[in-house]
Every structure is written in structure tokens, then in C-alpha cells.
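Going line by line, the protein sequences match chains Z and S.
Residue 155 in this note's numbering sits at position 155 of the first sequence, and the numbers go up by one each step.
Residue 1230 in this note's numbering sits at position 230 of the second sequence, and the numbers go up by one each step.
It is worth saying that the hints were derived from the structure and are not from the lab.
As the structure is a prediction and not an experimental result, all values here were calculated from the model.
Ideal placement from N, C-alpha and C gives every residue a C-beta, glycine not left out.
The calculated label-pair distances, taken between Cβ atoms and stated as ranges, are:
{"id": "1", "chain 1": "Z", "residue 1": "252", "chain 2": "S", "residue 2": "1238", "range": "35 to 45 Å"}
{"id": "2", "chain 1": "S", "residue 1": "1233", "chain 2": "Z", "residue 2": "115", "range": "19 to 29 Å"}
{"id": "3", "chain 1": "Z", "residue 1": "115", "chain 2": "S", "residue 2": "1269", "range": "53 to 63 Å"}
{"id": "4", "chain 1": "S", "residue 1": "1017", "chain 2": "Z", "residue 2": "343", "range": "56 to 66 Å"}
{"id": "5", "chain 1": "Z", "residue 1": "264", "chain 2": "S", "residue 2": "1731", "range": "17 to 27 Å"}
{"id": "6", "chain 1": "S", "residue 1": "1188", "chain 2": "Z", "residue 2": "284", "range": "37 to 47 Å"}
{"id": "7", "chain 1": "Z", "residue 1": "162", "chain 2": "S", "residue 2": "1254", "range": "30 to 40 Å"}
{"id": "8", "chain 1": "Z", "residue 1": "115", "chain 2": "S", "residue 2": "1731", "range": "31 to 41 Å"}
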Amino acid sequence: MVAVDPRCRGFHAASMRFIHTADWQIGKPFRNFGEKESVLRQARLSAIETIGRLALAEGAGHVLVAGDLYDNDAPAPKTLLEPVERMRGFPAVSWHVIPGNHDYHRGNGLWDRARALGLPENVRLHLTPEVASLGDDAVLLPAPLRRKSEVNDLTEWMDRAESAAGKMRIGLAHGSVTGFGGEGDTGNPIAPDRARRARLDYLGLGDWHRTLQIGPATWYAGTPEADRFNSQEVGEVLLVDIAGPGAPPVVTRRRTGAFRWLAQTEELASAADLDGLEARLRALPDLPGLLMRLGLKGTLDLTARSDLERRLSGLEAAMFWLEADLEQLHARPTLADLEKIDFDGVLREAAEKLKQQAENAALGPVERRRAGEALVQLYLLTRDSRGEAA
Amino acid sequence: MKLLHVSVEGCGRFGTPARIEGFAPGVNILAARNEAGKSTLFRAIRTCLFERHSSTARDIAALATDGLLLPVVIKVGFEHDGRRYEIAKSFLKSKSASLWRDGVEIARNAAADEKVWDVLGIAPKSARGLDEAAYGLLWVAQGKSFLTPEPSEGARSALNEVIQQEVGTLVGGERARQLLGTVKEELGRFLTDSGKPKTGGPLHAAIEANAGLTAERLDVEERLAALNARLDDLAKLRADYRAASDAATAQDMKADLEETRQKLDAAEKAGEELKRLAADERQANDLVRSQEEKCQELKRRAEAIDGQRASLKDLLAGLAPIDQDMAVVTAALKDLGARKAALEAGADALDREERDLARLANLAAKLAQRAALASRLEQLEALRSRTAANDAALKSARVDEAALKSLEALEQDESKLRARLEAGAPRISIEARPGADVRIDGAPVTGATARSITETVAITVGSDVAISVTPPQTTRDAAEKALALHRDRLKALLSSCGAADAADLRRLRAERAALEEQARELRAERAALAVKDSASAEIERLQAAIGDIDAEAARSTSDGQPMPAAAEIESRKHQAAARRGELHALRSGLEAQADARKEAETRLIKSRARLQGQTEALHAQLASEIALLPDETRAARIAASEADLAARRDAHRIKVALLAGRQAQAPEEGEIERLRARAARLASAIEGQQKRAEELRGAIARLEGEVQVAGGDGLGERAASLKLQQEMALAGQARIAERVEVLKLLRRTVDDCYAERREQLSAPLRRHLKPFLHDVFPKADIELGENYEIAALSRSGPAAELFGRLSLGTQEQVAVLVRLAMGAMICERGAEVPVILDDALVFSDDARIEQMFDAINRAGKNQQVIVLTCRARSFTSLGGRQLRIL
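Only chain Z is shown next, with the shape it has when bound in the complex (with noise of 0.2 Å):
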């Protein structure tokens, strides 16, 4: 291990300050964002080269990763190497690695295959429940996972682990703490009073994509980069001082992430609520890193569609992302929208059937979505017949 040099700025003896971060899940596919996926999968490694230069800029000399840094227990031999070498980056940052749920350790597995390529000295793995030296200062506590899924509580083996007095007490565990309400894979619990039996100065958490203080010293860090919607909506890692054994940590949230994964629903009822939603989407804050579900909802006519599918188009554009999901907006049709299409004769029977169809409660809503559907297509197709613009 390499020792934090004393003179980076916010280095002080026998305080202890670093860096808890988790779920880096390397190597995640995003194949549902098409061309765009090796950007989202770049992003993650990027996040690491942010954590190791703020780990550098607030003087931090080591960085805990509580689980999760593969997103996979298999991942390829490039996907494997990729965030050990951006580690490597930064010698003067002591990296103390557990495996998670997504990674956990068995003999020739992941873990194995990384020391087999040859670690780095400043990446440290913790593949059993043994006290480790953190510094001079301080004692890490790591509970790396051997299964996918465990019944009890890896954590308890802390509350029994003995350490020199005067040394900080700093555990690391991935898992669901109970009765919290697990937004994680189900299984290894972690008891949430752990940080208070087993003594400890601080307890840093994986498993949860989202920041969360369980308790006075216990954290869950997010991931330092966003992947989902209806999730953490930006990456972050947590900046931890202690000033000494048995001090009250002090957590702060740092952003790493760049991008920003935004999901809501909009309710639409006429063509004048178009502008209002496109005027607020558009005044979200930097849309380039922007990914957003969108769901739309209500009745439009198919004047106003045809300009919101023009306006979705714009977006689209303006954003990283856009998902936009219509399934709960539907198409009815006014007067002037089936004049459009025709006055009279053979469309304008068609459509008028189409409508009624659209209409009709007594079919299915898969039916009568399909006939609103079938009656966008009439009226975009008779309106390019027409010559008119999109």
C-alpha cells in the first residue's frame, strides 16, 4: 500500500479522511440506447478518473469500494482490465476493493483472474473477513461476499474482530440493510445497528443506487454514475472525515456522474399544452447529459400529434436520450382533423370507422389503440398526399 503523502492539503494526523463509493458495475450492457451505449459504458470508467482526482484534490488517501465494481462475475478480459487500469492512474490512492453480489469471490473467479493479471500495488482486494491496515490511523473491516446471495449477515463477524486501541474501526459491507425497505437484489442482510456493535468509526455501504445514511455512521454511496431510470438520478461518491476514534464522521456528497437520468410523466390535453411541455423540458438543466423517460398522457387531436411527434423529434435531438412512451396517449379526432382527411367518400368513411372503433368501450384497449393508430396513419398519409409539411 502506498501511504497518503502528509503534505496534500486536508491531511491530518491521526484524522482519517476518503473516499466511500460502490455499484461502479463495470462493464453494464446498454444496448437499449443503441449507438449511444459505449458512451454510457466510457462514462463509468470516466467515473473513476473523477473519483481518483478528487481523492488526489481533497487529499484522500483511500478510496473504499464497497461492492459492485463489475457489473458482471464473468466479464471480458478488456472489461476486466479497463477499471483496474484506470486505478493504476493514480499511485498516490490506495484503492481497497470488496466484491459485491454482481462480483462476488470464488476460487478462479473474477477476483482470481484480476490478481492473475497482475494488480497493481495500490489496489487492494479484501476477499475474506480479516481485519486490514487502513493507514497508520485505522483498521478496515471488510465483509466481501462468497455467494450471490447470503442468508446471514456477513457483517457480524465485526462486532467479534479485535484492534489495536486507538485505531479507527472503518467497516465495509455490501448488502440490503433491513428494515429499510431493500431497493436491491434480495439477500445479504446487514443488521442496521451493525456500525454501533461492532464499534465502528464508520460503515460503508454497496448495493443501493442511491445515497442514504442509514445511521450516524453508516452510508450507502450510490454509484458514481447513474444507470437507470426511476433511480439515482446522478452519480455520486461520499467524502468521509473522522477526526479520531470514536468521532462522529463527517459525510459530504460530491458529484462524479456525468450524465443525468431523469424520468416523469406529463399530462397533455390539448394542442396549447404543447408548448408548456416543450418549454419545460427544454429549460432542464444541460440536455446534452440529459437521459429522459418520458410518459405521456391524455387525448390529443391529430393536428396536435402530428406537431408533438415534430416536437418529440426536437428534443430528441436537443437530449442524450429521449424515451418517449405514448402508449397511455391517445388519438381523438376533431372535425376539422377527418375533414383534413376527407370531406367525404371512401377516407372519410374510413376514418370515420377508425374513430368509432377508437371509441368503442366495448372492445379491447389493444383494439382501440390500433384503430387510433390505424387513424394517425390515415391522416399522415392523406396529409402527405397533400403535400403538406410535417
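Once you've looked at the hints, dock chain S against the given chain Z.
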């Protein structure tokens, strides 16, 4: 547009320039023989107007004149919108195109190709194809006239445009049709005509991609599961290896083995010493036993010599009484032999007497049968005599049943001859009135009678009239000849039978029948007498038997003694039998006594022989024993043997004591085996442990290699990626499938609405069709289907006739009429297109073709109609401008 002239060169049969000029505005007819080139000209007009001059299409190449290397040159003149145009093209070679308007060239080459289309109001549907629109519809090629018109896209547009103009835009048919076209085109990207995903289309590609992803994901997941299983196996193997390679356990087992082996070595050495001492003890014991046996042998031999001497003495004393008993038995046997010989002489005399008595009894029985034999002999002799008489009578009576049948046949033949003669003879009928004296051959006739005249008949009537009726000489001669032949046969028959006439023959036949009956009775009598052979042989046998009996009786009484009565013979036989019983009893008694004596004699002989043998054997045995142990050394030898025995017994006792001492110190029984088994077990366990560790090491190395390879593939990451990819692909497929469903719904809905409006849309065409149709089919109506398809023809009956069910002639006529109506409809709206019919109406009869000419001339009033035909005579009455190929 109106055609004005056309000229060709190097085209089909027109190797040299040929032309048609003088097309009139109305009906034109070009009537020429087959192969005159009419269809070539028709194709040339189409090619010139609608093909690019640079085209090398197969149809154009086919137009070129065979054997000539000339370009295909076509020039067409036409009038359109009051202007005169001329388009000239050279195909295949020296390719060129020029378009003139009112004598001025307005376009050349490709521009000319397209300009003429522009003038005619048609447009290329693609770079390679041209929709001839109304021209394609109204220019009917050879052999196509009987087909229902199938308007091209352009033709439908032209028709719909006219209809739109007529029924207004409210129907929206053309817009609907265009939209349907777009929807169908869009659907065609996804589906085949049969509704299946189109190969190469987005839906098919999505399905294929999904299937590929599924297969790939399953493969990766399977490999990942295998990797996980190997990792689990590896963990187990490592645990096993740790157990197998535990050094403390191995050391404990080795120490245990060493100690066991030392114990085993000591135990095995003690065992060997014990074995040696035991062998020594057994050897000393054997020496004792051997000396004991020698000692006992000497004593037993001395006792045996003494015993044998006493036995010899007893045997010699037992032989004397046996010899005395033997003498008594021999005398008794001799007496019994004499008494038996006397009894056997008496028995011989009794045998002779019994044989005589038997002979006499037999003779008496034969004498009792003699009378019966004599009676049978007499019957047989009488039978033989009567049989001989019957045979002689039968031999002389020759008339048998066949002769009688021949006679009857001859008589029948005569009757037939006479009947036939009468039938062929003249017949006279006479009616003698009462009082009249009429006679035939002198016999009076009363009443009416009729008779055939087979021979001369004399008829008299009273005394004054005598009529002689004679049959024709030929008839009489034939009758006489036949009867004479018949009489010869009868005579020969009677002669062969010795009969004077037929009655005599029948009598002789009756006599022979009586003799045959008598013969049958004699045969029955002979059968009753049971004569096996001939009667004479039986008579001779009986006579011999009677002679034998008489001779034997004579011999029996030759000594002068009368023949005893049967009762006396029987009594004497009983007496002899009683005496024989007595002799038999006496003899049996003597034989029993003799047997008893012989048995006693045998026993005595055996006893004596046995005693004698024993005596001799004892003598021999005694001699051999004494030779081995002479009386003079007996005591000394026995004493020496007993002293040696005592010494050997002392030596054995020492060995036994030594062995017992060592045995007390030796390990327990089975200890060596236990130690040996334990040592083997421990050695095996150590070896097995080492082997197991080696195996586990190998297995771990192998699995590590496999895991390294599999793990290096990034299977987990790949599986996660594929799962997401497949979810995406499935969602994409669902989106495409949903779009397809939406398009299908849209197409179905518009189709349905279009169909509901079809009647309204087809009304203009029906209106135009009506006069043409009624020219040929008065009061008839046409039902039109999708795309102006002719569905049915309604004539006088209530039910419409399906188009396909009509005769070919009617189908062709209706199809041509519909085309004329379409032409008229288009023309009425100002877009005049000539109607060209190449070799049409080939199936029309004379009456119907005249009506079709009326319809064609009706069309010719408003537009140009050009009829090409090879049937000049049939089309004479069509009228119009007669064209010629110049």
C-alpha cells in the same frame, strides 16, 4: 390522339420498307392474309411510341428481321390536340429517335422518347418500365381480346380520373385507391402476398434477429452455466485436495505403518522358531511311534505262531465225522435211483394205453360224421347234373335280349317307312251318303273316310262306277325299295336267331329267359351248399373223406375185436388218467428225497474242502511266521526292541517341553495376520492418499485451464448484454408487428369502404357500356367487380351468368364491348385514345359479329378504331376505311 400513318423497315417480315397510310378518324380495317405482318405492325406502333430507342429489350430484338443485320426502323404519324406529330425511331443499330410536331423536330433521342409520352399523357413508372395507361387498355393484342380487361395502374388512374370528373370528388375513389396503394406498398415491405413475413423485410429481419439472438443467448447462458458448474466443481476439488494432501494425517499414517511393520517382523521371526521346534517334536514323536510299532509287531507275531499251531490241531480233529456222513448219504442216493427207474417203466406203459384210447375216440367221432358227408355228396351230385342240363339248353337257345331289341327296332323302322309313304302319297276322301254303295278295294264305305294312296286302290260306286287310283310310280318304287331293304334285314335277323317269324323269335326269347332264370336258381342253390371251389372238386373231396373213414374203421376191427363203444372208451381214459396221477405222486416223492440227499452230500463236500483249505493255509502261514521269528531268538529280540522304545520316549519328552516353553512366549493366534493386514491397509491408504492428491491436482489444473478459457470469454458480460439485446429486439419486433397490424387494419377499413362505394364508382362505366352492350345483348347488364373486373352478365333470366361460365365467344364479345365503353368514356372527357383490335372476334358467329360491327361503328363515331383481321370476307360488312400495307 389519332394515328395517321405508320412505316417500318427491318422489322419482322418487313425487311424492306413497308407502310400504311390513310388512317381515318373513325373505323379503319386492315384485312390481310395470315403472316402478312399485321401483328408486327401493331407491335411496331407500340414499340415506337412506348419503348426507349436505346432499349435492348428482348421484345425489340424479336422484332428484327431474321437474317438481316439491319436496324429496326419505325415511324408513326399521329394527330393530337389538333397538332400533327411524327415520331421516328431506330432500334438495336444506329439507335436514334426524333419527334416532329407540325413538321418541326421538337426533340431528339432520349428527349424524344420522353416527350412523346408527355404529349400522350403517360409517364414512366420507373427507369425501366412504362405504364401505357389507356393505350395498354385499348390496344388489344392478338389472342388477348377474350380476356377481361385488367387496367394497369396508369389505366386505372385514367379511368378513375374520368369517373371522378363524372361523379365528383365526393366518392374519393381515386384518393382511396392511391392511399391503398401506399398502404399496400408499405405493408409489402413487411409481408408477402400470402401475409407471411417477407424475406429481407423489417419484420422478417426482426424475427430472424430475435431467433439468432435467442440461439446465441441460450448458447452463452449454457456455457456460462457450465462455467459456474466448473467453478463449483473446482471449489469442491480444492476442498478434497486439501483433505487429501493434509501432511499431519499422512505423517500419522506413516508412523503407524512403521510400528506395525516392526511388530510384524518380530512376530514372524517367533513364528519361524516355533515352526522349527514343532518340526523337531514331530520328528521325535514319529521315532517313538515307529519303535512302538516294531515292538508290537514282534509280540503279535509270537502270539500268532502260537495261535496257528492250536488251530491246526482243531482242524485235523474235525475232518473224520465228515467222512462218515458222506458214506451214509451216498448209499441212500443209490437206493432212490433204483426206485425211480421202476416208476418210469410203469409210466411208459400207461402212455401207450392212453394213445390207443385217443385214436379210438377220434375214429368214433369220424364215424358219427360220415352220414352227413354222404348226404352232402348226394346233393352235390344232383346239383352238378341239373347245372349241366341247364348249360346245354342255354347254349342251344340263342335268342338273347339284343336280338329281341333288334326285332323291335326293325318293326318300328317299318312303321316309320309306311307312315312316311302314306304322308307323301295322294289322299282321297270319300263321303258315302246313306244308301250309296261305295267300296274301296272291295271293302264297303259308310259315311266319310279318307285314305292315303300308297298303292293302287280300286274304288267302286255301285256297279256302274269303278275307279282305280294309282300312286305315282316314283313314290311306289322308293317305298318298295325301302321296304325290300327292311325285309332283308328282318330275314337276316330271324335266320340268325333260328326263328321262322317275329312271333317265333319272341317265343324263343321267352324260352331262353326261362332257362336263364333256372340258371340263376341253380347258382343260388350252389351258394346255399357253400361250395368253395367247383362242385366236382367238392364231390371228390367228400368221396375221399368217406373212404378214409371207412378204411380206418376197417383197420380198427382187423384184429377181430369189435369197435368199443364211445362210453367204454371214455371210461378207460378216466382209469388211465387216475393211474397216471398216482405214478406222478410217487415220482415226486422220490425226487424230493433224492434232492435232500444230494444237498446234504454237497454240504459235506464243501465242509470238508473248507477244512482242508484252512489246514493248508495255516501250514503255510505258520511256516512264514516262524521264518521271520524263529523260536530260538524270539525272547531276545523282543527285549531289545522294548529297550530302544524307552530311549526314544525320553528324547521326545525333552522336545515337547522345549516347544511348550517357546509357545508360551509366542504372539497370539492371528496376530501376524492382523499385523500384516493393518500394514497393508496403512500402505494402501498412504498410497491412495498420494494418488488421490495427484489426481485432484491434475483435475484442478485441468478445470483451472477450462475456467480460465471460459472466463476469458467474458461469458457473464456477454450473457447480460445478449439478454438486454434480446429484450430490445423483442420490443422492436413487437413494434414492427404492431405497425403491421395497424397498416392491415387501415387497409382493411379502407378496402371495406371502397367496396361499399364500388357500385357508385362503376356507374359511369356502366352508363357508357350500356349502348354498346345493347347493340349485341339487348336489355343485358354487366356486373363489375374490383378494378373494373367483369363479374357477370345479366340477360333475360333472373340470375346473372358468371363471366367465366360464358362461352369463349361471348366472353370475347363482352370483353371487347367493355374496352369500347372504357374508350368511349375516356374519349368523352377529351382524352381520345384509338381503339386497336388485333385479330379480335375470332369466336363470333355470323349474326353476333354483325352486332359487334354495329358496336364498333358506334365507337368509331367518336374515336378512331383500327381493326386488324385475317378474315377479309367476314369483316367485309364492318365498313370503315380499308387500309393496305404498301
